[in-house]
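Novice: So the chains spell out like this:
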Amino acid sequence: MPADLCPPYAPFFGFAGVASAVTAGAAFGTAKAGIGIAGLGTFKPELIMRSLVPVVMAGIIAVYGLVVSVLIAGNLTPSKGYPLAAGFIHLGAGLSCGMTGIAAGYAIGHVGDSVTTSVVGMILILIFAEVLGLYGLIVALLMNTKVTALVDVCN
Amino acid sequence: MLDMGYKTYTSFGLPTFLVIIVALYLLFTDSGEAFDVGRFLEETSPFVWGSLGIGLCIGLSVLGAGWGIFLTGASILGGGVRTPRISTKNLISIIFCEVVAIYGVIMGIVYSSKLQTVPEAQLYTRDNYFTGYALFFGGLTVGFCNLLCGLCVGVAGSTAALADAADPTLFVKVLVVEVFGSVLGLFGLISERKHLFYDITH
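From first to last, the protein sequence lines stand for chains A and B.
Taken in order, the first sequence gives residues 673 to 827; the numbers are from the working numbering.
Taken in order, the second sequence gives residues 335 to 536; the numbers are from the working numbering.
No wet-lab data here; the hints were simulated from the structure.
Heads up, some of the hints might be wrong.
Computed list of lysine-lysine pairs in DSS-like fashion (alpha-carbon distance at most 30 Å, straight line) [what the hints assert, rightly or not]:
| hint | chain 1 | residue 1 | chain 2 | residue 2 |
| --- | --- | --- | --- | --- |
| 1 | B | Lys507 | B | Lys423 |
| 2 | A | Lys716 | B | Lys423 |
| 3 | A | Lys716 | B | Lys507 |
Okay, chain A solo, but in the shape it has when bound (with noise of 0.2 Å):
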């Protein structure tokens, strides 16, 4: 017997996939590099602005949960038909892009906190840590890709 293949429940996974593309890594980032930076600041203050750096990654992070997160909920409308696969597809790309935000901005927050003279190795590092979100980033935008074939099959 073949299964419904645009169950009424579909959107709940279409919906949990832009729940979980939300980004925990950029708060801790975010946080983690702040207290770094008032350590550095109190014996290096002309380093301050520089070694702000690693806030601004952190926030990139979120910026990348915020893109997918919406560009998933831009494919869920309740009138045209969802399919399950759809669904499926869409949490993966929100798992993908949130897990990838958490290591990043996990990493990101522990070189922040540790900088204390060369803030241009502290760059170079962080930049490795910040393309583990990008990609998750693009394996996201790749997987979402693939729900726009499987618009007409629930007719």
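Model the placement of chain B on the given structure of chain A, informed by the hints.
Specialist: For chain B alone, coordinates are given in the frame of chain A:
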């Protein structure tokens, strides 16, 4: 790290054991079909999901705001013993944390306007399921985002208070970190804004 301890066994092992026992029981008593995620999602009322989402939205946001306020407030009060000048200027960090709770209240009020009384015969439609799930995950996302934002702003604010006590010129610079942190709560609000356009109706 090497010694797992009874906490890990009970928190991971016990639930896994119970799940395996229940699954095997269902399997061996020929009611394996009873484990059906789709049927569970179809049988629960959309009001359950909507109400849970709204509750989580306001609850988690306020939890984040409160956590941030206590983190910041403890540092301000402690640092204010030796340097009383920091007390008034650092209240802005408390306001940043409070704003997170306001985001949760706004989204909670707007989402709760989407819940209308529907008789049970007309409740289980595709659109109502959709709205229920939208409200649940919207509320969960907003609440979780605000929780993290409140924590982040709290830690940054506590650091700003202590930095201000050490050197007054540092306050504005650490405040920039707080602004970046408070933007995270706004992102949660923005990404769930789309869910405002649906409601549970006839």
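Novice: Hints first: check each against the structure and report whether it holds.
Specialist: Hints, verified against the model:
Between Lys507 (chain B) and Lys423 (chain B), the direct Cα distance comes to roughly 14 Å. Compliance with the 30 Å bound is thereby established for this hinted pair. For a cut-off of 30 Å, the pair hint linking Lys716 (chain A) to Lys423 (chain B) stands: about 23 Å separates their Cα positions. Only pairs whose Cα atoms come within 30 Å are accepted, and Lys716 (chain A) paired with Lys507 (chain B) is accepted, the gap being roughly 13 Å.
The structure shown violates none of the earlier numbered hints.
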